[in-house]
Amino acid sequence: MTDVASANAAAAAGPTSSFSMVEEPLDLVRLSLDERIYVKLRGDRELRGRLHAYDQHLNMVLGEVEETITIVDVDEESNTQSVRTVNRKVPMLFVRGDGVILVSPPSRAS
Amino acid sequence: MALEDNLGDQLEDTLDTFNDETFDADASAIAGEEYDFYRNTVAHQTQIQQQMHRIGVPVQNAASGEPRRVLTLDEIESHLVPQRATPAPAQPVPVSLRRASPEVVARRREERLQRQAELSRYDNMMSRHDKDYIVRIQVSQLLTDDPAADDFYCHMYQLSRGALFGPGSMQSQASMRGGASPAMGSDPSAAEGSGRATGEPNRPGSRAALGSVASGDPMRAGVANEYRQHVGRGQRSNTQSSMARMQQQVQRIVNEARRRPKASQLALEGALGKISVNSARNPKQVIQVQRGHAGSVSGGSVEAKHSSPGPPHDLGGMFAGLGDARNPSSERRKTLRSIESVYGAVLRLEQLIREQVRLAPNAEHPSVVAWIASYNEAKERVWAELEASQPISNTYPHPLVRFLSFSKGKRIFPRIVHHMSIDQVLALTTTVIANFETLDVCRFGSFSYAAGSQIDVRRREETDLFLQAVMPPALGFLAETSLQIVNGLFALFMERNNIAWVARTRPALAFLTMFLGRTAALKQGEMGAYGDSQELYQANELYGHLFNSLRGSLASVFPPLPEMGQPVSPVEDLHAWQFLATLAVGASVEQQHTLVAEVREKVLEKVQLAKSGHLPAELAAALTANVNLFLNALGLDASQVAT
Numbered sequence: 001m002t003d004v005a006s007a008n009a010a011a012a013a014g015p016t017s018s019f020s021m022v023e024e025p026l027d028l029v030r031l032s033l034d035e036r037i038y039v040k041l042r043g044d045r046e047l048r049g050r051l052h053a054y055d056q057h058l059n060m061v062l063g064e065v066e067e068t069i070t071i072v073d074v075d076e077e078s079n080t081q082s083v084r085t086v087n088r089k090v091p092m093l094f095v096r097g098d099g100v101i102l103v104s105p106p107s108r109a110s
Numbered sequence: 001m002a003l004e005d006n007l008g009d010q011l012e013d014t015l016d017t018f019n020d021e022t023f024d025a026d027a028s029a030i031a032g033e034e035y036d037f038y039r040n041t042v043a044h045q046t047q048i049q050q051q052m053h054r055i056g057v058p059v060q061n062a063a064s065g066e067p068r069r070v071l072t073l074d075e076i077e078s079h080l081v082p083q084r085a086t087p088a089p090a091q092p093v094p095v096s097l098r099r100a101s102p103e104v105v106a107r108r109r110e111e112r113l114q115r116q117a118e119l120s121r122y123d124n125m126m127s128r129h130d131k132d133y134i135v136r137i138q139v140s141q142l143l144t145d146d147p148a149a150d151d152f153y154c155h156m157y158q159l160s161r162g163a164l165f166g167p168g169s170m171q172s173q174a175s176m177r178g179g180a181s182p183a184m185g186s187d188p189s190a191a192e193g194s195g196r197a198t199g200e201p202n203r204p205g206s207r208a209a210l211g212s213v214a215s216g217d218p219m220r221a222g223v224a225n226e227y228r229q230h231v232g233r234g235q236r237s238n239t240q241s242s243m244a245r246m247q248q249q250v251q252r253i254v255n256e257a258r259r260r261p262k263a264s265q266l267a268l269e270g271a272l273g274k275i276s277v278n279s280a281r282n283p284k285q286v287i288q289v290q291r292g293h294a295g296s297v298s299g300g301s302v303e304a305k306h307s308s309p310g311p312p313h314d315l316g317g318m319f320a321g322l323g324d325a326r327n328p329s330s331e332r333r334k335t336l337r338s339i340e341s342v343y344g345a346v347l348r349l350e351q352l353i354r355e356q357v358r359l360a361p362n363a364e365h366p367s368v369v370a371w372i373a374s375y376n377e378a379k380e381r382v383w384a385e386l387e388a389s390q391p392i393s394n395t396y397p398h399p400l401v402r403f404l405s406f407s408k409g410k411r412i413f414p415r416i417v418h419h420m421s422i423d424q425v426l427a428l429t430t431t432v433i434a435n436f437e438t439l440d441v442c443r444f445g446s447f448s449y450a451a452g453s454q455i456d457v458r459r460r461e462e463t464d465l466f467l468q469a470v471m472p473p474a475l476g477f478l479a480e481t482s483l484q485i486v487n488g489l490f491a492l493f494m495e496r497n498n499i500a501w502v503a504r505t506r507p508a509l510a511f512l513t514m515f516l517g518r519t520a521a522l523k524q525g526e527m528g529a530y531g532d533s534q535e536l537y538q539a540n541e542l543y544g545h546l547f548n549s550l551r552g553s554l555a556s557v558f559p560p561l562p563e564m565g566q567p568v569s570p571v572e573d574l575h576a577w578q579f580l581a582t583l584a585v586g587a588s589v590e591q592q593h594t595l596v597a598e599v600r601e602k603v604l605e606k607v608q609l610a611k612s613g614h615l616p617a618e619l620a621a622a623l624t625a626n627v628n629l630f631l632n633a634l635g636l637d638a639s640q641v642a643t
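If you read the protein sequences in the order shown, they are chains X and Y. Note that the UniProt record's numbering numbers the first sequence so that position 61 is 61, with each residue one more than the last. Note that the UniProt record's numbering numbers the second sequence so that position 102 is 102, with each residue one more than the last.
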């Protein structure tokens, strides 16, 4: 893989802390390191990408990300709503934990 | 500390035109639109021309009527470089680039000098002592006890960039955690770069600062590197001397700090409380979070479960072997958890190795004893998770196989092996061989060239990763061990796996090649030691057995052909040719006949392809070389093939 060769930030553990597997919810996120995950963000956005790093705020570094934005267009005259989605692909992304709603493994269908 | 120099007051407000464009701009005209570079450039043509004059970029004559070219960065730079290096242009300048006239030149120069003089009127307010003082204060805040751990990511980043620029002059003593081949290879996914790759101590290639950074202090390296980056051209001597001074500073401060460790809290005599001293390492906390009690309660109970005598996932009795089928997602999670646990333990091991340098030299010192204890404990942990002491397990697939089915499991394998004893490596290799069929890379089989398909791409990646990360330690071990063990493993391999099926996969071929090659080397090299011994006899038996199992399906060791129009790459079947070559080396005449008969089609095809002239020269040469691997082992050559 390319030359972005920083250490995998198993940030929750870090180089000096102990390795006991304390079972708190964030440790489940730790299990998904280096795996593809699905993240739901505020603003009707979703991300599917490979999790490289995270921290206790749920700031995350994702790679090979595909972002899906869902937009509802309201037609003023006829008062109808139509939903469309916008997709974009980003090779490497840092997500601020503030906007994260949920993190999960990708649904089997995708 | 605020500097009471009142310099700001001494500048007339009316003379301060620096920020006019920003502050006097019309917000409503700007807001909501993208900045139109072209329009603004055209509108400010004259100003821009003046500025370009000032920095010495040749400007096209406005009166010439030629359309103005916006010069690219490269062109501007190429103009600047000769300007700085030689004050007077050495070559005749083309007409369009010549400046207006000598008087204008002189006037502009005077203006420039005047401006410079004004700007530097208030220079040298601080003496060198003052500057050093401030630098010392700032640097002392950055000091840490454990540079390797605290500046970890910065350090790794520099190491990886340094490796790009070629091995630097200094070696870093901190062991490296990132940046080995899987992570830095050519795979397009930038994301994988943060891979947790081989850690090796004393790896050269760190772009350490000038001077001695022998203690591996990444802060110094980092600071000095940044300094070097921010400096422009032509100020080299300034930089070097100030950098040297800075390093002296740092050296002095480091020694001071080491001598007198600063406490993070201060409690004066007679004071009614503690003051906590903030530094970069313990910043002021905005929220006080209580961790510990709630966490440890749940942690304790989980730990108890994990260390219970029987492996929890081995349901035993009539459920033996069904662990996987009953709840695949929980199996997956268990494996992931064990992978993370191994990662934690390996990180701990590597950190301990780093700390080993600073241990006291005598062996009875309590810190040394403690160190040894924690080191062994971490190793035990890793070993327990891998469960390699039981090559054949009740659960299907073997835990180690499940471990290796994740790419992060494959990646950490070499780092684990680094810390293991020879026996443990033997156990690991045995386990891998015994369960070879069940490995995920084997079940993929031989993939087609169809690079478009997502699944195939992933399979290729996993197989490549396996070959890069997991195979080398095993193969290395085989290369060093005795014939008896090689025979044993060879026999195990053939016994537990369906050879004909498995031979389609690259890892299997690699193993077989190693087995045969090692046997051949041992036979030749140590003739005296083995002679007619049991081992030799067994080796020959095994060879015969292998040959017989593969008879009839030898052509299938080659990966399937690419479809029309897709590029043929010689790398693809290299492994197959190598295997056939090793096979040929040990073959009897009769066996050689069989070999040739079966593979003749392939040989002819490749040689024809190489000679057909459709391919570029290197490709054809590579193809021929591959075929020659095999043919030479038989005493033939590609040129002898009649086409």
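Be a bit skeptical, because a hint or two may be false.
[As the list claims (entries may be wrong)] Label-pair ranges, simulated between beta-carbon atoms:
hint : chain 1 : residue 1 : chain 2 : residue 2 : range
1    : X       : 90        : Y       : 501       : 38 to 44 Å
2    : X       : 35        : Y       : 287       : 27 to 33 Å
3    : Y       : 78        : X       : 74        : 18 to 24 Å
[Claimed, not checked] Using 20 Å as the maximum straight-line C-alpha spacing, the simulated EDC-like pairs for lysine to aspartate or glutamate come out as follows:
hint : chain 1 : residue 1 : chain 2 : residue 2
4    : Y       : 334       : X       : 35
5    : Y       : 284       : X       : 35
6    : Y       : 334       : X       : 46
[Unchecked claim] Some, not all, of what chain X presents toward chain Y, calculated at C-beta under 10 Å:
hint : residue
7    : 28
8    : 55
9    : 58
10   : 59
Calculated from the structure, these hints are not laboratory results. For clarity, every value in this text was computed on a predicted model and none was experimentally measured. No residue lacks a Cβ here, since even glycine has one placed at the ideal position from N, Cα and C.
Hint check results:
Taking 38 to 44 Å as the suggested C-beta distance range, the pair residue 90(X) and residue 501(Y) conforms, at roughly 41 Å. With their beta carbons about 30 Å apart, residue 35(X) and residue 287(Y) fall inside the hinted range of 27 to 33 Å. Separation of residue 78(Y) from residue 74(X) is about 55 Å and departs from the stated range, judged on CB atoms against 18 to 24 Å. With a C-alpha separation of about 15 Å, the suggested pairing of residue 334(Y) with residue 35(X) holds against the 20 Å cut-off.
For the given pair, residue 284(Y) sits about 34 Å from residue 35(X) by alpha-carbon distance, which is inconsistent with the 20 Å threshold. Between residue 334(Y) and residue 46(X), the direct Cα distance comes to roughly 27 Å. Violation of the 20 Å bound is thereby established for this hinted pair. About 8 Å separates the beta-carbon of residue 28(X) from the nearest beta-carbon of chain Y, less than 10 Å, and the hint is met. Because the beta carbon of residue 55(X) sits about 12 Å from the nearest beta carbon in chain Y, more than 10 Å, this interface hint is broken.
With 10 Å as the threshold, the beta carbon of residue 58(X) stays out of range of chain Y, its nearest partner Cβ sitting at about 15 Å, so the hint is violated. Hint on residue 59(X) is violated. Least Cβ distance to chain Y is approximately 14 Å, over the 10 Å limit.
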